[in-house]
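Given the coordinates of chain A, work out where chain B should sit on it, guided by the hints.
2 protein chains.
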Amino acid sequence: MLTQQLARFVCETKALPGEVQAAAKVALMDTLGCALAGVTEPAARLAREHVAEMGARPVASVWGANFSTAPAEAAFANAIATHVLDFDDTLSTLRGHASASTLPVALAVGEQMGASGKQVLLAYAIGIEVAGKLGRIFGDSHYLKGWHNTATVGIFAATAVAAHLRGDSEQVLRNAWGIAAAECGGILRNFGTMSKSFQSGHAARSAILAEDMARRGFTANEAIFDGNDSFQRLYGAEEKNAGQYVQRLGSPWDLVQPGMNYKRWPCCYCSHRGLGGLLELIAAHQIKPDEIEAVRIGFPPGADEPLVYNDPQTGLEGKFSAQYPVAALVIDGRLNLQSFTDKAVQRPAARAMMKKVERYRVADTAVYSGTVGYTDIAVKTPRGEFSMRVDKGPGSRSWPIPEREHQEKFLSCAVCAMSAGKADHLLAMIISVDNLPDIRELMTATALKG
Amino acid sequence: MLTQQLARFVCETKALPGEVQAAAKVALMDTLGCALAGVTEPAARLAREHVAEMGARPVASVWGANFSTAPAEAAFANAIATHVLDFDDTLSTLRGHASASTLPVALAVGEQMGASGKQVLLAYAIGIEVAGKLGRIFGDSHYLKGWHNTATVGIFAATAVAAHLRGDSEQVLRNAWGIAAAECGGILRNFGTMSKSFQSGHAARSAILAEDMARRGFTANEAIFDGNDSFQRLYGAEEKNAGQYVQRLGSPWDLVQPGMNYKRWPCCYCSHRGLGGLLELIAAHQIKPDEIEAVRIGFPPGADEPLVYNDPQTGLEGKFSAQYPVAALVIDGRLNLQSFTDKAVQRPAARAMMKKVERYRVADTAVYSGTVGYTDIAVKTPRGEFSMRVDKGPGSRSWPIPEREHQEKFLSCAVCAMSAGKADHLLAMIISVDNLPDIRELMTATALKG
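Chains as they are written, first to last, in the working numbering: chain A, 619 to 1068; chain B, 619 to 1068.
Just chain A, same shape as in the assembly (with noise of 0.2 angstroms):
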């Protein structure tokens, strides 16, 4: 009984070990950043005018704005303001954002709850666990299927994690995530659309709906996860050694081994081995800008299906490009969000350099995904020509971003949303939540606007 034992999990697990609670905290950390980097976005801004406009009694504060509204409309807006930048986390075992739709649940219901920091922590990092073992037993067919694993593995996610902060018995979780199976969508065909982060969104909301339906005895089929015509098959999966996933639930945590991978740069995580590289070739080589020739980027097979723009002319087309990544690193040195924006993409030396951006096909009899793989990468000057082979994940538990650095991308991410002044503050705040008495206060200072 899959569905019973991954409920069991959920409801019995009262701690965290305390390397799993300290990467749950920088997860917390960086999606928290994304968010508020996020806001600012027209899908985000939308999203936030249709929750102001339905008016729900004020409960969990809307990141970016001045008010507060229904957890599960709280957790609708604010996931897709983690999601809109594809800025935030990745996971491989999900095969998708693991904290786009479960960390605005753990926040927003969180804060309904007046949970501590510690109980926050534990709930998201419970989600994770789901997310990362249900990615696998739902395995690659799903996702190549057309099937947005983000929103659709997510949604269970997110349901234990409002069950977990619930105290929901394990039949009540049983319920809602057959509430949830029934309420799931979230497709691949949305990508390149506000769509892709409203299907996060709908899914942190529709987690909400379902549990609290279920908390309030609201019946569903109660073992959604197995049987010949389990959710899964209907999905899209081709199912193999479920059993087995399940098993290793918290042995190891999916958030210490594999571990997230953070963004380094607001751009597709497939893009990411090659700029890693890219970086370490010119400090090695003391590379300048206009001595490059050529640079040379090669992809195994699969590990850069979503890079599809070869001529991107928007900054969101820059993001799913191969080349122009490259292209903007190689110029200014750095990523961040002002080089994805519409006018950074067409400014004539992007152009230019693109031209030298060379993209190849590495032959390999194995196909990777985004998060799992490696990028041949070389850079040709009058010098002679520089190369490597990239096989680890910058933002990856194998090539961690620097603590300095990432609380960098926070504070770059946060003044967006806030003052210079209020980001420092909930850094601070944010490094010391596992002793925060009550995450409203926290929600409170992420929901501030100027």
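Incorrect hints may appear among the rest.
Which copy is meant is left open, so a pair is good if it fits within one copy or across any two.
Stated by the list, open to error - Okay, derived cross-link-like pairs now, SDA-like style, lysine to any residue, Cα gap no bigger than 20 angstroms in a straight line: (1) Lys763 <-> Thr811; (2) Lys961 <-> Glu909; (3) Lys974 <-> Lys998; (4) Lys763 <-> Arg851; (5) Lys763 <-> Ala841; (6) Lys1040 <-> Asp950.
In short, the hints are calculated from the structure, not lab data.
Relative to chain A, chain B alone:
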């Protein structure tokens, strides 16, 4: 461009042929009645409690209650009330309940807009047209794989209803359908639980959310029904000749041909043919309950799939039984809401009569759905065996419910939620709804308690 052609029909249709408007009015009466009987069910009560706690700005009426809420939330609660008794209409081309999600949306958005009765009927009829045509396009395989058409097709139909009432452009509707696709769930696995009606409620709410976001300028894939990775292919449809169905939009309207199947009795539609035949045999041969030695009821393949309880113990199980409705009809001479309480199913007289009911499989090479097919029925008495093959569905266009009886169905349902006097008043308002200048008058009367 299937998506575009459908959107054009929804946006450009400005009036209904007289017979379609008349058919829409009958559907309105039948559906509202079912909803008012449904409001007392636990599933509907729990949904109202959730919506009440959310406390959104009062815009649209919640049926059987004394408060209003956001249109999406009202549609959610009202659609659950509509579908919870499984007394609401079905449409063979949809292979599901056609009004369950569409009518609550037409009325909630109509109330928000202050639309006239005629405008609400028009938007609703357009929704049924989308449901019937998309239902054909999705075909049998979508349902047979495990999707709940009432919700999965219903969400697109309901989105069309909202978009028509709001006067949206084709482009807004195409984006709204892309957003609706991102929200779309509803699985057969949840049948037999409260989540069957939850799925129609979720479709109704999600439809309004999708339209609302698209109207604000939120983007999604604008051709969701087109291409190799269309929505319907991802959701298991084996699409055949989709184009031909689009050519038939409004010619004829599904509301008229094939027309709705209205339930004469509050149990699965699959049992209706046999029950209709049984009533005819009893009347023609003056059969008394105590002279019945046996009742034989035969179904061809597929025609009785949902009738899974051969020995039902509860009212809900009795609805999905081949034997119990036959027994109750023989004993009581009628079937109504009171026939499907736990107590009624458990009474000794019913259990004794059920023992005399024999269900069998009719050899047939074709496979039928619950709304298409036939039933063989035979009653054995000391005077001989009387039998017939019933190839029409009671409550369908070919065997319509007399107007007087249909009004009686409405009144017997409505008194579950209101006094007989108020039910009479509401019926009179429905009968002249095409002349009602503002649907808010009807909605207020519908929501009244006591």
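Results for each hint:
Taking the shortest alpha-carbon separations for Lys763 and Thr811, only the intra-copy value of 19 angstroms comes in at or below 20 angstroms, while the best inter-copy value is 29 angstroms. Within a single copy, Lys961 and Glu909 get their C-alpha atoms no closer than 25 angstroms, and across copies no closer than 88 angstroms, so neither meets the 20 angstroms cut-off. For a Cα distance limit of 20 angstroms, the shortest separation of Lys974 from Lys998 inside one copy, 10 angstroms, qualifies, whereas the shortest one across copies, 89 angstroms, does not. For the homomeric pair Lys763 and Arg851, the shortest alpha-carbon distances inside one copy (12 angstroms) and between copies (10 angstroms) are both at most 20 angstroms.
Proximity of Lys763 and Ala841 under a CA criterion of 20 angstroms is satisfied inter-copy only: 18 angstroms between copies versus 24 angstroms inside one chain copy. For a Cα distance limit of 20 angstroms, the shortest separation of Lys1040 from Asp950 qualifies neither inside one copy, at 28 angstroms, nor across copies, at 73 angstroms.
In terms of the numbered hints stated before, the structure departs from hints 2, 6, listed from lowest to highest.
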